[in-house]
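Engineer: For the protein sequence lines, the chains are A and B, in the order given.
The first sequence begins at 1 in this note's numbering and counts up by one.
The second sequence begins at 1001 in this note's numbering and counts up by one.
Worth flagging that the hints you see were computed from the coordinates, not collected in a lab.
Possibly wrong hints are sitting among the right ones.
Below are the EDC-like pairs computed for lysine to aspartate or glutamate, each with C-alpha atoms no more than 20 angstroms apart in a straight line [as the list claims (entries may be wrong)]: (1) A:Lys-78 - A:Glu-103; (2) B:Lys-1003 - A:Glu-18; (3) B:Lys-1038 - A:Asp-57.
Stretch by stretch, here's where chain B covers chain A in the computed footprint (C-beta under 8 angstroms, at least three residues) [what the hints assert, rightly or not]: (4) 11–22; (5) 30–43; (6) 77–90; (7) 102–109.
Here are the in silico distance ranges between beta carbons for each label pair [stated by the list, open to error]: (8) A:Thr-113 - B:Gln-1002: 29 to 37 angstroms; (9) A:Glu-44 - B:Val-1046: 18 to 26 angstroms; (10) B:Ser-1061 - A:Gly-16: 28 to 36 angstroms; (11) B:Thr-1030 - A:Glu-83: 35 to 43 angstroms; (12) A:Thr-38 - B:Lys-1113: 36 to 44 angstroms; (13) A:Ser-73 - B:Gln-1057: 46 to 54 angstroms; (14) B:Lys-1113 - A:Ser-58: 24 to 32 angstroms; (15) A:Glu-62 - B:Arg-1109: 28 to 36 angstroms; (16) A:Asn-52 - B:Ala-1001: 26 to 34 angstroms; (17) A:Phe-74 - B:Gln-1057: 13 to 21 angstroms; (18) B:Lys-1113 - A:Asp-63: 44 to 52 angstroms.
C-beta: ideal position from N, C-alpha, C; glycine also.
Here is what each chain is made of, one letter per residue.
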Amino acid sequence: DAGVIQSPRHEVTEMGQEVTLRCKPISGHNSLFWYRQTMMRGLELLIYFNNNVPIDDSGMPEDRFSAKMPNASFSTLKIQPSEPRDSAVYFCASSLGGLNPNEQFFGPGTRLTVL
Amino acid sequence: AQKVTQAQTEISVVEKEDVTLDCVYETRDTTYYLFWYKQPPSGELVFLIRRNSFDEQNEISGRYSWNFQKSTSSFNFTITASQVVDSAVYFCALRGAAGNKLTFGGGTRVLVKP
């Protein structure tokens, strides 16, 4: 079975450019999570969705960040405009959500470098 | 607020030694869930175990074992007879009773030398 799929795996862009990260969760999972990992701040939850609806976006750093989940099999995280401090590894994860405390399965991550 | 502390930032051992990773958590929830994840050098996060707060039985899976002590708010992880392939960063995480949010500790880097 395919795990969580993320694209691109690596992205290098210049400051001010728009960046879009993509995620396909595991089929049948109804919760999707976006995390950011940096040396300074570790793993941080940015936002998560249940049944395509954003539930908690308190981790989104600022208005430059936005996330969408138009259907159960696709989500995007967009940064516009990007800044060098956005450089990080961005992980998408999915789980069987709702009240069940099921484990989250992570994608391979997108390593973003903003020059 | 929830918090997970992994006081050990890095542990270096020689192959076949045992290594124990500490995890201390804080939560006001009476029901909560604890997790361990492994992040090998390749970068992906691999789920290892989930433990419910109402189940204090320790668990063993091969060379891995977990010691859950509710009285001290700890959920420690031991690798027995470590191998080079165990070299990775290990994260402890906590989820409260409501919602799906995982709070991660800072991670412990384990380096197993041959």
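Engineer: If a hint holds in the structure, say so; if it does not, say that too.
Structural biologist: So, going through the hints one by one against the coordinates:
| no. | hint | in the structure |
| --- | --- | --- |
| 1 | A:Lys-78 - A:Glu-103 | violated, 25 angstroms |
| 2 | B:Lys-1003 - A:Glu-18 | violated, 33 angstroms |
| 3 | B:Lys-1038 - A:Asp-57 | violated, 25 angstroms |
| 4 | 11–22 | violated (count 0) |
| 5 | 30–43 | holds (count 4) |
| 6 | 77–90 | violated (count 1) |
| 7 | 102–109 | holds (count 8) |
| 8 | A:Thr-113 - B:Gln-1002: 29 to 37 angstroms | holds, 31 angstroms |
| 9 | A:Glu-44 - B:Val-1046: 18 to 26 angstroms | holds, 19 angstroms |
| 10 | B:Ser-1061 - A:Gly-16: 28 to 36 angstroms | violated, 48 angstroms |
| 11 | B:Thr-1030 - A:Glu-83: 35 to 43 angstroms | holds, 41 angstroms |
| 12 | A:Thr-38 - B:Lys-1113: 36 to 44 angstroms | violated, 27 angstroms |
| 13 | A:Ser-73 - B:Gln-1057: 46 to 54 angstroms | violated, 37 angstroms |
| 14 | B:Lys-1113 - A:Ser-58: 24 to 32 angstroms | violated, 41 angstroms |
| 15 | A:Glu-62 - B:Arg-1109: 28 to 36 angstroms | holds, 30 angstroms |
| 16 | A:Asn-52 - B:Ala-1001: 26 to 34 angstroms | holds, 28 angstroms |
| 17 | A:Phe-74 - B:Gln-1057: 13 to 21 angstroms | violated, 40 angstroms |
| 18 | B:Lys-1113 - A:Asp-63: 44 to 52 angstroms | holds, 47 angstroms |
Taken one by one, the earlier hints fail for this structure at numbers 1, 2, 3, 4, 6, 10, 12, 13, 14 and 17, listed in ascending order.
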